[in-house]
Amino acid sequence: SARGKPRRFSMMLMLGALGACMLLGESVITPAISVLSAVEGLEVVNPDFKRFVIPLTVVIIIILFGVQRYGTAAVGRLFGPVMLVWFSTLAVSGLYNILQNPSVLLAISPTYAYDFIQANAFLAYIVMGSVVLCVTGVEALYLDMGHFGRKPVRLAWLIVTLPSLLLNYFGQAAFLIEHPEGAANPFFMMLPDWAVLPMIGLATAATVIASQAVISGAFSLASQGILLGFLPRMVILHTSDTERGQIYMPSINWTLLVLVLFTVFQFRESGNLAAAYGISVTTTMLITTSLLAVVMLKEWKMPALLVAGLISVFFVIDFAFWTANLIKVKDGGWYPMVLGAICFVMLTTWYTGRRLLRERLADGAIHIKDFVESLLAHPPHRVGGTSVFLTPHIDFVPIALLHNLKHNRILHERVIFLKLSIWDVPYVDEDERMSVTHLGGNIFLARAVYGFKETPDVRQVMEQLEPLVGGGLELEDTTFFLARDTIIPSDLPGMALWRERLFAWMMQNAATPTDFFKIPPNRVVELGTKIEI
1 SARGKPRRFS
11 MMLMLGALGA
21 CMLLGESVIT
31 PAISVLSAVE
41 GLEVVNPDFK
51 RFVIPLTVVI
61 IIILFGVQRY
71 GTAAVGRLFG
81 PVMLVWFSTL
91 AVSGLYNILQ
101 NPSVLLAISP
111 TYAYDFIQAN
121 AFLAYIVMGS
131 VVLCVTGVEA
141 LYLDMGHFGR
151 KPVRLAWLIV
161 TLPSLLLNYF
171 GQAAFLIEHP
181 EGAANPFFMM
191 LPDWAVLPMI
201 GLATAATVIA
211 SQAVISGAFS
221 LASQGILLGF
231 LPRMVILHTS
241 DTERGQIYMP
251 SINWTLLVLV
261 LFTVFQFRES
271 GNLAAAYGIS
281 VTTTMLITTS
291 LLAVVMLKEW
301 KMPALLVAGL
311 ISVFFVIDFA
321 FWTANLIKVK
331 DGGWYPMVLG
341 AICFVMLTTW
351 YTGRRLLRER
361 LADGAIHIKD
371 FVESLLAHPP
381 HRVGGTSVFL
391 TPHIDFVPIA
401 LLHNLKHNRI
411 LHERVIFLKL
421 SIWDVPYVDE
431 DERMSVTHLG
441 GNIFLARAVY
451 GFKETPDVRQ
461 VMEQLEPLVG
471 GGLELEDTTF
481 FLARDTIIPS
491 DLPGMALWRE
501 RLFAWMMQNA
511 ATPTDFFKIP
521 PNRVVELGTK
531 IEI
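Using our numbering, you'd call the opening residue of the sequence shown number 1 and step up by one each time.
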């Protein structure tokens, strides 16, 4: 497997991290281009309304991000009906224009596309950079897989979304055949005058829902990145008592808001964002195809020749769309590339920095079994209560315990070394959650495991631990000892000095274990240590 080959596994991780960065970039571009395109319909009603487009867009975006902390449970049940009305309206408006000019359906024949490519090869190549915008959003469908499952998403796409989009696009083409002057905004201009304002309202609602989907996806992606070791700890709040997948991350939310507003003011029109959106989407598709090949070979155990044949088809299409969009780098395509590069540097810096930190901590570390044997042979003074030491390693003594013994020369009556682990599965069964080993001398080694879509909660861990460590485990009688690492950039091998400084800054601004693991602050003792990397 790839995990058994470190270089290949590392390459897959980096490729996945790059894909995640491009998807996070989409979370910035999607709200901006979606809301702008909806509000720009006002210009069809009256060209003088153009000056209101940016202010209205900004207000809608601020409200959208401002309500995230309340979750989507209250209004979420409206999303389905609104989107059903939206797609039905798309289908009806498209069908109406198709009936005005049915000859547009001749375009179903691939011969027209073939003839166009034959006669205008380079122009056709450039056109592909715009054609891809017809399928933007499809690459983000899998973000909803975890909420709805594969079958509902597939049925919704095949029965509702795809037919509605096809009818609307054919309708726009039919309208343009008769009214080429409407090329600036065929979506709104093909409607009757009385329908434009209602459609602007409906389009705005639909774009807000679409933006909500990518924002929720960004929260989910970031939380998984934290648990997989690519991002520093951040505060994660659950917004629903019944749906464990609904979360809110304040730091991600406000960062996205600032970036989305910057995007709106930088590009000002949805058309100016088309190049940026195209590169972001096609890069994500290309990376997804590459990772799919690995899954087919390693997880699905498909024959290599079959995988090569199938992936080649997807790869050729994705690569053609991607390179066609690269032509538009100077026209705005640079933006997602810059966003992705900054994100990728931060993710890989954190991942590499944590690995170097573990290596530095492992140098001179004391094995936990040797330490317990030494304690039993020369027991220190014991005091009442329970002490819990969070540890990143189950084999070595936590630094916080060594500092406590060095300075205070005491040990609590009951000592628990607690390791919180993340498995490569979304969720972990409760009967597999906890394991405890008694090391002797009323000292326990406990390990709690979580899936990458779960959020560790020390309060719940303590409840599950109580019967496994002899009972009487009261939170009010327990002290949590945490190590607070301060990173000192140095000339030691590992990372460039500027990346070490970036890692130190990220460590300094990461959420404390107290906040992340929901430990009562009045039960925490932090012991600091300085580490050169």
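Bear in mind the hints are in silico, worked out from the structure with no lab data behind them. Be aware that a few hints might be false.
[Stated by the list, open to error] Below, in silico cross-link-like pairs of lysine to any residue (SDA-like), each with a Cα-Cα straight-line distance of 20 Å or less: (1) K406 to I366; (2) K298 to W423; (3) K518 to Y450; (4) K518 to Q508; (5) K419 to V383.
Checked hints:
{"no.": "1", "hint": "K406 to I366", "verdict": "14 Å, holds"}
{"no.": "2", "hint": "K298 to W423", "verdict": "18 Å, holds"}
{"no.": "3", "hint": "K518 to Y450", "verdict": "15 Å, holds"}
{"no.": "4", "hint": "K518 to Q508", "verdict": "19 Å, holds"}
{"no.": "5", "hint": "K419 to V383", "verdict": "23 Å, violated"}
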